[in-house]
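Asker: Chain A is fixed; fit chains B and C onto it per the hints.
For reference, the chains in residue letters:
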Amino acid sequence: MLGTLRTLFLTALHAFHRRATVQYPEQKPYLPPRYRGRIILSRDPDGAERCVACNLCAVACPVDCISLQKTEADGRWYPEYFRINFSRCIFCGFCEEACPTYAIQLTPDFEMGEYTRPNLVYEKEDLLISGTGKYPDYSFYHVAGIPVPGKARGASERERPPVDLHSLLP
Amino acid sequence: MHALALLAASVTVMGAVMAMTRRVAVHAVLYLVVTLLALATVLVMLGASFAAMLEIIIYAGAIMVLFVFVIMMINLGQPDSAREKEWLRPRAWCGPGVLATIMCAELLYCLNPPSGPAPAPITAHDVGLSLFGRYVLMVELVSFLLLAGLVSAFHIGRNRVGGR
Amino acid sequence: MTYSAFFTIILTPLVILGLATMLTWVERRLLGLWQDRHGPNRVGPGGMFQAVADGTKILFKQDWIPPFADRGVFILAPVIGMMTGLLPFAVIPVTMGMGIAGDMNVGLLFILGMMGLGVYAVVLAGWASNSKYALLGGMRAAAQMISYEVFMGLSLLGVVMMAGSFSLHDIVAAQAGLWFIIPQCLGFGVFMLAGIAQTHRLPFDLPEGENELGAGFHTEYSGMKLGMFFIAEYAGIVLVSSLVTTLYLGGWRGPFLPPALWFALKAGAMVVFFILLRASLPRPRYDQLMALGWKILLPLSLFNVMATGTILMLRAS
Numbered sequence: 001m002l003g004t005l006r007t008l009f010l011t012a013l014h015a016f017h018r019r020a021t022v023q024y025p026e027q028k029p030y031l032p033p034r035y036r037g038r039i040i041l042s043r044d045p046d047g048a049e050r051c052v053a054c055n056l057c058a059v060a061c062p063v064d065c066i067s068l069q070k071t072e073a074d075g076r077w078y079p080e081y082f083r084i085n086f087s088r089c090i091f092c093g094f095c096e097e098a099c100p101t102y103a104i105q106l107t108p109d110f111e112m113g114e115y116t117r118p119n120l121v122y123e124k125e126d127l128l129i130s131g132t133g134k135y136p137d138y139s140f141y142h143v144a145g146i147p148v149p150g151k152a153r154g155a156s157e158r159e160r161p162p163v164d165l166h167s168l169l170p
Numbered sequence: 001m002h003a004l005a006l007l008a009a010s011v012t013v014m015g016a017v018m019a020m021t022r023r024v025a026v027h028a029v030l031y032l033v034v035t036l037l038a039l040a041t042v043l044v045m046l047g048a049s050f051a052a053m054l055e056i057i058i059y060a061g062a063i064m065v066l067f068v069f070v071i072m073m074i075n076l077g078q079p080d081s082a083r084e085k086e087w088l089r090p091r092a093w094c095g096p097g098v099l100a101t102i103m104c105a106e107l108l109y110c111l112n113p114p115s116g117p118a119p120a121p122i123t124a125h126d127v128g129l130s131l132f133g134r135y136v137l138m139v140e141l142v143s144f145l146l147l148a149g150l151v152s153a154f155h156i157g158r159n160r161v162g163g164r
Numbered sequence: 001m002t003y004s005a006f007f008t009i010i011l012t013p014l015v016i017l018g019l020a021t022m023l024t025w026v027e028r029r030l031l032g033l034w035q036d037r038h039g040p041n042r043v044g045p046g047g048m049f050q051a052v053a054d055g056t057k058i059l060f061k062q063d064w065i066p067p068f069a070d071r072g073v074f075i076l077a078p079v080i081g082m083m084t085g086l087l088p089f090a091v092i093p094v095t096m097g098m099g100i101a102g103d104m105n106v107g108l109l110f111i112l113g114m115m116g117l118g119v120y121a122v123v124l125a126g127w128a129s130n131s132k133y134a135l136l137g138g139m140r141a142a143a144q145m146i147s148y149e150v151f152m153g154l155s156l157l158g159v160v161m162m163a164g165s166f167s168l169h170d171i172v173a174a175q176a177g178l179w180f181i182i183p184q185c186l187g188f189g190v191f192m193l194a195g196i197a198q199t200h201r202l203p204f205d206l207p208e209g210e211n212e213l214g215a216g217f218h219t220e221y222s223g224m225k226l227g228m229f230f231i232a233e234y235a236g237i238v239l240v241s242s243l244v245t246t247l248y249l250g251g252w253r254g255p256f257l258p259p260a261l262w263f264a265l266k267a268g269a270m271v272v273f274f275i276l277l278r279a280s281l282p283r284p285r286y287d288q289l290m291a292l293g294w295k296i297l298l299p300l301s302l303f304n305v306m307a308t309g310t311i312l313m314l315r316a317s
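Residue numbers (the working numbering), protein chains in the order written: chain A, 1 to 170; chain B, 1 to 164; chain C, 1 to 317.
Honestly, the hints are just simulated from the structure, not real lab data. Quantities reported herein were computed from a predicted structural model and do not represent experimental measurements. Some hints here could point you the wrong way.
[As the list claims (entries may be wrong)] Short, incomplete list of chain C residues facing chain A, as computed with Cβ under 7 angstroms:
1) Leu33
2) Asp36
3) Arg37
4) His38
5) Thr56
6) Ile58
7) Phe60
8) Ala279
[As the list claims (entries may be wrong)] Label-pair distances were calculated between CB atoms; the ranges are:
9) Tyr30(A) <-> Leu178(C): 18 to 26 angstroms
10) Ile74(B) <-> Gly3(A): 35 to 43 angstroms
11) Pro62(A) <-> Val15(C): 31 to 39 angstroms
12) Pro62(A) <-> Gln78(B): 48 to 56 angstroms
13) Leu108(B) <-> Phe6(C): 32 to 40 angstroms
14) His125(B) <-> His14(A): 22 to 30 angstroms
15) Ile9(C) <-> Leu108(B): 30 to 38 angstroms
Just so it is clear, CB atoms sit at the ideal spot from N, CA and C, and this is done for glycine as well.
The following block holds chain A by itself, in its conformation from the complex (with noise of 0.2 angstroms):
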């Protein structure tokens, strides 16, 4: 009897705590720069595509909602298309791991409700963005060692210039 009494009297001194609910749409709530959201296709410093269509994302994928086609021009490898499928994806951030390239990347935004769900399904030019996303100094290209216009073989960072095979120095 008196327990309950007690309850009674602490629930309602519940009145005057403070609120936990965090009022939405006017109060933001702090997202953390790694937080697992909206996935967007990143691109190199120099604004070229850094995605290589390696499709490693897309194999990671537990869920199968990237669905990708390699394409090709003067060395480079492009993605010809590059779908992510919103209503599918669980945001478990198996694509930006697995990405060797930093090119697919997780943003701290979840605000994409949408009333039709084929809406959901985000094609490359919605998944682009201008910038770097979280790795702003990196650009696939110029550590890779694979000659593209513009930088020949051997001019890697952190790449010695080729063996010359018909030349007999040590």
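Answerer: Chains B and C only, in chain A's frame:
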């Protein structure tokens, strides 16, 4: 007022007839409740509003709910409705019906319609005085009966610990 | 019948329905308050029109009658619930003049009778739904509500003995000197518990028991029929609060403020208390509920009747 009383009385009779002829037990109980409510209305018009309210509380509100409760527990189904239908053949109810009609006609013939002003309302005070004055022996006997019922219900329903 | 009486008869159910609807919002706001949240605060000022939005939604929901249900009784059950929820307000005297039949000489018994008939709504809904959860809810409701009706009636006897009348007007008039909550504190406690059990409100909402029986007796209900059960439940809270106000808290009596405001204040405080009970107490087990009733409340209310009678006898002689 007279017409309203007649209406309530006919609702009572109709409800009773419907209660007898329904095949689903719960429907029959519901019609019985309607009968009791109409009866309470008649009682109110006769000035016995205390008795009417007791009728609603005890009969319609408690005892009939227990009926519904029991019917819910025993889970009657289609075979039971069929059996009820079997019992409702004219051969089964013709004889008692005729006899009851004769009795009813005799009753109506003997009954004198009340004349003069409406009777004074019977208050709870009057009911209490007559219960504990003139009818005190009856009340005590009924309470013995209830006590006996209570004790036997407790005896039947008691929890036998440690097997029999 | 005078014009004003006709007006009162039309107005009272509308006011009660409005109150019951608004109470859904009040309850959610208050639950939020006691759970460190805000509750519905979006629709209209402070979320006031949430009830309107919910009402509109529930009106346009599909009204589905299960094919295995007993159609007639299934429809009848919410009607009974609504009727028995609204009818008792006819005899509640808000003030001396406000109220349809406040001086009915068996007013209190009328309310008890209507509450007794209210059991049918729950029991028949449980039976007519023809599903096991609804049936279990209906059975629990039958046993719980019949039992607590007994204690409710017995606890009210003390008040009736002190006032010497079943008329609610006379009962309020008898509280001119002292509110009955002080001499009848035992009866008050029993009546409160019985009132909660009778309106099957939390913490005594075993007929519903969301986490064990789905939704109990109204598992199969949808659309406005479900809404009618809800409105009947909230009307029941208003009813028990106004009854407590009338019987134990001196009705419309109070200094300075107008009588109607006093009544509203007292009844409102009781409603808030009911919601506080919901916010803080867990639901007892079924046998605990019955044991509380028959082993504690019944002896207490009988003792209350006996003690009141003895004191009244001694004082009279």
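Asker: Run every hint past the structure and note whether it holds.
Answerer: Structure-based check of each hint:
At a threshold of 7 angstroms, the smallest CB-CB gap from Leu33(C) to chain A is about 5 angstroms, leaving the interface hint in force. Hint on Asp36(C) holds. Least Cβ distance to chain A is approximately 5 angstroms, under the 7 angstroms limit. About 5 angstroms separates the beta-carbon of Arg37(C) from the nearest beta-carbon of chain A, less than 7 angstroms, and the hint is met. Hint status for His38(C): holds, given a least beta-carbon distance of 5 angstroms to chain A, under 7 angstroms.
Evaluation of the Thr56(C) hint against chain A yields a violated restraint, the C-beta minimum of about 20 angstroms exceeding 7 angstroms. Hint on Ile58(C) is violated. Least Cβ distance to chain A is approximately 23 angstroms, over the 7 angstroms limit. This hint is violated: Phe60(C) has a C-beta 19 angstroms from the nearest C-beta of chain A, more than the 7 angstroms allowed. Contact between Ala279(C) and chain A, as hinted, is supported at the beta carbon level, the nearest pair being about 5 angstroms apart and thus within 7 angstroms.
Roughly 58 angstroms separates the CB atoms of Tyr30(A) and Leu178(C), a value that falls outside the hinted 18 to 26 angstroms. Between Ile74(B) and Gly3(A) the C-beta distance comes to about 41 angstroms, which sits within the given range of 35 to 43 angstroms. For the pair Pro62(A) and Val15(C), the beta carbons lie near 57 angstroms from each other, so the given range of 31 to 39 angstroms is not met. Distance hint for Pro62(A) and Gln78(B): a CB-CB separation of about 52 angstroms, consistent with the stated range 48 to 56 angstroms.
The hint said 32 to 40 angstroms for the Cβ distance between Leu108(B) and Phe6(C), and at roughly 38 angstroms that hint holds. Between His125(B) and His14(A) the beta carbons are some 50 angstroms apart, a value that contradicts the proposed interval 22 to 30 angstroms. Against the hinted window of 30 to 38 angstroms, the Cβ-Cβ separation of Ile9(C) and Leu108(B) comes to about 36 angstroms, which satisfies the hint.
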